[in-house]
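Protein chains: 2
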Amino acid sequence: MTSRESDYFRALTAPRSVALVGASDDPTKLTARPQRFLTANGFTGKVFPINPTRDTVLGLPAFRSVLDVGEPIDFAYLMVGTERVIDAVRECGEAGVRVVSVLADGFAEAGEEGRKRQAELVETARRAGIFLIGPNSMGAVNTENGFVCTTNAAFRENNLRKGKLTVLSQSGSIIGTVLSRGHARGIGFSKFFSLGNEASVGIGELGLALVDDPSSEGFLLFIETLRDAPALAEFGRRAAELGKPVVAYVLGRSSEGQELAVSHTGALTGSSRAIASFLDAHGIRRADLFDTFLEAPAALARIRPAAGRSRDVTVVSTTGGGGAMVIDQLGIRGVGIGRCSAPARAALESAGIALGSGALVDVTLAGTRYDTMKKVLTTLMEDPATGMLVVAVGSSAQFNPELAVKPIIDSVREATAGAAPIVAIPIPHAPDSLELLRQGGVTAFGSIEAGAEAVAMMVAPVRQRESRASALPPAVASLIDEAASSSSVLDEVQSARIFAALGVPFPAHRLLPPGETGPAANGLEFPVVAKIVSPDLPHKSDAGAIRLGLRDEGALAAAMTEMREEVRRKVSGFRDNGTLVQEMRRGLGEALVGMTRDPLVGPILTVAAGGILAEIYEDAALCPAPITLDDAHRMIAEVKGFAPLRGYRGAPRGDLDALAGLMVSVSHLLADERIEEAELNPVMVLPEGQGVVAVDALIRISTPS
Amino acid sequence: MTSRESDYFRALTAPRSVALVGASDDPTKLTARPQRFLTANGFTGKVFPINPTRDTVLGLPAFRSVLDVGEPIDFAYLMVGTERVIDAVRECGEAGVRVVSVLADGFAEAGEEGRKRQAELVETARRAGIFLIGPNSMGAVNTENGFVCTTNAAFRENNLRKGKLTVLSQSGSIIGTVLSRGHARGIGFSKFFSLGNEASVGIGELGLALVDDPSSEGFLLFIETLRDAPALAEFGRRAAELGKPVVAYVLGRSSEGQELAVSHTGALTGSSRAIASFLDAHGIRRADLFDTFLEAPAALARIRPAAGRSRDVTVVSTTGGGGAMVIDQLGIRGVGIGRCSAPARAALESAGIALGSGALVDVTLAGTRYDTMKKVLTTLMEDPATGMLVVAVGSSAQFNPELAVKPIIDSVREATAGAAPIVAIPIPHAPDSLELLRQGGVTAFGSIEAGAEAVAMMVAPVRQRESRASALPPAVASLIDEAASSSSVLDEVQSARIFAALGVPFPAHRLLPPGETGPAANGLEFPVVAKIVSPDLPHKSDAGAIRLGLRDEGALAAAMTEMREEVRRKVSGFRDNGTLVQEMRRGLGEALVGMTRDPLVGPILTVAAGGILAEIYEDAALCPAPITLDDAHRMIAEVKGFAPLRGYRGAPRGDLDALAGLMVSVSHLLADERIEEAELNPVMVLPEGQGVVAVDALIRISTPS
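Chains A and B, in that order, give the protein sequences. To convert, note that position 166 of the first sequence is 807 in my numbering; the numbers rise steadily by one, no gaps. To convert, note that position 675 of the second sequence is 1316 in my numbering; the numbers rise steadily by one, no gaps.
No lab work stands behind these hints: they were computed from the structure. C-beta: ideal position from N, C-alpha, C; glycine also. Check the hints yourself; a few may be wrong.
A short list of chain A residues far from chain B (calculated; beta carbon distances all over 12 Å) [said to hold, decoys possible]:
1. Thr685
2. Gly711
3. Gly734
4. Leu849
5. Arg878
6. Ala983
7. Thr1057
8. Phe1167
9. Glu1256
Restricting the straight-line Cα-Cα distance to at most 20 Å, the calculated cross-link-like pairs of lysine to aspartate or glutamate (EDC-like) are [claimed, not checked]:
10. Lys1281(B) / Glu1256(A)
11. Lys1281(A) / Glu1259(B)
12. Lys670(A) / Glu1043(B)
13. Lys803(B) / Asp854(B)
Construct all of the structure, not just a fragment, from the sequences and the given hints.
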């Protein structure tokens, strides 16, 4: 961290002085809250209420303006009306304020005028060298030093539970939700930031400013939209390197929610699948349940799969029904269920402990005794077959923690270095046992589903991704130069030429200028395919601009005439760049490889099985581009429709390795900023060892504006 | 209810006398719990501890045997060891006990010996006219009269919160989980039954015994497996008629969980999709989250969509982020989001209340005041555009219920008869507001996801199904008679004949005896399909026993010879019943219509799009057979792969009405107990108005054993 960065970090999290601009003397007012909370939490920095109409505010001397304070100000919270904000920021700049948080709304979310206002705000802050949070920000909180500078009512509790988690939220109300629901679950926090519109500083940039903070061992991100994807990617990578978990709760999983994000935040809409693939690729976990969002980060910070052990989870229970629920919930989240090894089983049986025969290690009600549980747990923790141990504690957790809760605590305390980690999930409502477990250093969950989701996160590998676009080969770049001068949608010949320069194989073909007729297939093997080349016919079949399976020159000549007649009827005035005659190729299956620029997360590579059904089932895998070969194989494995190519039901296997290689090469295409969209569809997947052949290509280029 | 039934009902829920067989005098023992709980809860019936070694047990006179009591006994809880159970039941029979609950394990879940023991137990109880609960039962509880006769430790609280919900659980430990987690959420219960192995009485039968109970306004079913599907169906129907919600939490949604249910309960395994379709068909809702299982039943009992209103839900919020979460969670569960009508909007705007423009009615922090909220709520409740109102209460719910919680309570209290119902979901942790809301008669949820899931249940129609198999036409029955005498797998000619007698159209065809050759297609239109008819070739393509697209007699004759050569090589000794020559038919799409007997829920009709991809995507709709035309249309709508037949992307529409009709006719086939399995695959779906044609059929018949 440079000294300038560390200066900002201090001003953000431990300011020596805070100006509350627009602070009210009426304690019932929203604008009185930050001062009340700072006082109640024993903040030791200086606090300067700024209020032009009063001499004192809630007992402190007030100033007319930040310019009148006459002392350095690290942090200013602006609670003035929308119209006053820009002037206030300018004054903060003159007064040398380092960090400014803005409460007001009426910016980018408020139409054209608001967007202009926001642009001016950002420019004003930039010129003044101010680190700007908001607008629409409910402030910043550090529980460790009483810096509770927020308008969120939830922070009025003056006994904030401290912890090592930091919350970054685009929604201001949600910082209070996380605080209150977290407290109710015994979870404490280090810092909270409400980022609002992220006019200047986004979640990614703030995350990067905090990622090295030793008090922030894990991060919770509440995400309505993404505005600084590259910084967020960098933050995710850095956090993964440091082993600090980052868990996101992302709005907009439904179309209704997505639509709302647009109207509520003035944000662009991206594809929720693109966002998901982006977060996954950069090591940021996504919580499905809000409880998981609250409970998983601390658990992930504490528990990791032990090195050298499998990722399977063994479930021990004192209650058949509860244990079965836990296994079921793990199973639907794709967690492998481990079973105890034969030697461990024998050791337990010789101690008179029978475990049943199924996947659940059920000690039963009769075995709910300290000694039995202790023996089972210590044996299984050392059992090489155990990757992780999840203990579903039955009814005894409610009133008799000495029976099954205590042995968990003792087993964890006495665990050897390489032992499998333990997670506890009491099945009944058992707040006292949860507290005992947590105080005893055991990771425990109050909710069965959130516990299962967190365990699934623990055993899934976190991706630490460093994939940078390599410069395109000069041949490719010059083909793009050439094409870019003419049209925004390239015809398939131009498109294919660019892909071919990247190493994508196409079938043997000939291009006939418009008007030229046979012998058209000169030198090609029949059957052939004929297509009219035109940038105006992106959907060839719909336009009637393609004929398949032509068996001889006669059929080809007839097809060329018929096609033109049909297309002329359907698409008046289309540009006719001639006829493409291709050898007809059939694979064992078809793939679609597409590249798009998501408005929020940028370049995305998509792979899907070809055909209309893959589209209907939304059976596609996405990954931020460029991708690695590992990414490509993982993506292919995600596509269910490739099952036949993987040998499903004895089908001959397709050359999916070649498909992966093709995906990697073309994923670099988006490194050229002019490429808006590119697609190979279909790519014919030939039998194993025989490669792939692309039979159609499309590239869209941004036109110089 | 007959007087005998009402006698049993009383003995089950309000026994005048209880025998505790195997009761311990040591209060720390499991077997002492029922007596302690009965006493602590002020049970006023007589309690007879049965213990051959003591004169008194925990202060009450003890008896050596139920036979020594000398007074009528309504209910006996047997807590003796496995080996003693059958004798004890016999003695209960001699003593005239009406209801017996058995704690011991070691029955059907314990291998062959256990299964024999269970059969003997059932027979003993049957002969004695005993209503038998268990074995593996943790007992029965009625909170209203202190009848807390259970070994589950959770019931040691002597201040059980009363309520109008009844819990039926196959797992004994889960009754304690439901009690403790329910109490923590302010939910009270009327009755609990732990059914264990359901050796005699299952959830369905017990539900039927309780469905008319005025204290049971809703039911929670914890289901590991199904053992009495017909009774459960009847219970579901009856409850739906009475407007009493039944919510099930079903284990075995993952393959791991399903496997476990088998080992844990000694149950058969059925398909989890078949179980789901069975519960849906009979009006039993399935909870995804355990919180929903706890919270939804009371809400469903109280709130129904108002008659004549839409099923859309309008979301009002004081917090943008929280409101967006609620909308997102409703959206992913398929709930339609309503918007306020223009007149309602105008009325609110003229009162100075702006609502924003998106799907969320966001009064914002500034509008979080009693008057504003009250005006918004009463206006929207009366707005005809509102089907139901969900209020996401922001941070004020935590400390200032007077701002946004109080107006909800008042609006609900003052609501007119036809007003839209309200549900509240506080976004922060706000137990006091939840309690206020509940005491004020407002349905409120502590969990956002469970709230959304419950609201989705409220607005989804509940199916009240009465679909009985009609007798098969005599022609069909006699064809089955004939076929059943020969083979268990019918060949396609026999199979098609049965389907054809039910009205299923097949293409024109001829059957050639083995050895007969051309002119084979005499009178059929080319191209034709040729297949070898044999009960030994269920997978024709794999065996090489089918040839498509034969264009003339020559091709047909050659195909008949080639096929036989190929099949002979692949399936030695296959029975050759001749050659079926069919006109070749192509549809716009293909469907599979299958009928199976699920081991748990019985006859099931399945419809899927044809082809391997539909299989890979598990894209099928199931429904208990026989089905109605409504069922058929709903099932077809569920199958995504039929999208092209519905006109997706301008594709020509298929005759899905004809497909629905076919499904209904064939769904009655399983009325004949001998039919084990039947399938039409593929059924060609022709263009709208042109019907469907089945081109292959298969029927498997149970052989007389």
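Note to self: Lys1281(A) and Glu1259(B) were given as a pair; does the straight-line alpha-carbon distance stay at or below 20 Å?
What the structure shows: OK: Lys1281(A) and Glu1259(B) at ~10 Å, within 20 Å.
Next item on the list: Could you grab the alpha-carbon distance between Lys803(B) and Asp854(B) and see if it respects the 20 Å cut-off?
Entry: It holds: about 15 Å lies between the C-alpha atoms, which stays within 20 Å.
Item checked: Interface exclusion of Leu849(A) relative to chain B, criterion Cβ beyond 12 Å -> holds (23 Å)
Check: Just checking, Phe1167(A) versus chain B, shortest CB gap more than 12 Å?
Finding: holds (21 Å)
Note to self: For Arg878(A), is the shortest CB-to-CB distance to chain B above 12 Å, so the non-interface label stands?
What the structure shows: Per Cβ check, Arg878(A) is outside 12 Å of chain B; nearest 27 Å; holds.
Checklist line | Restraint check for Lys1281(B) with Glu1256(A), where alpha carbons must lie at most 20 Å apart | finding: holds (10 Å)
Check: Lys670(A) and Glu1043(B): Cα distance at most 20 Å?
Finding: Satisfied, since the Cα-Cα distance of roughly 15 Å is no more than 20 Å.
Margin query: At 12 Å, judged by beta carbons, does Gly734(A) keep clear of chain B as stated?
Written below: holds (28 Å)
Checklist line | Status of the stated non-contact between Gly711(A) and chain B (beta carbon gap over 12 Å) | finding: holds (33 Å)
Notebook entry, point to check: Is it correct that the beta-carbon of Ala983(A) has no partner in chain B closer than or equal to 12 Å?
Noted result: holds (18 Å)
Notebook entry, point to check: Are all C-beta atoms of chain B more than 12 Å from that of Glu1256(A)?
Noted result: Its Cβ does come within 12 Å of chain B, the nearest being 9 Å, so this is violated.
Notebook entry, point to check: Checking the smallest CB distance to chain B, is Thr1057(A) really beyond 12 Å?
Noted result: Holds, since 29 Å exceeds 12 Å.
Hint violations for this structure: number 9 only, all remaining hints satisfied.
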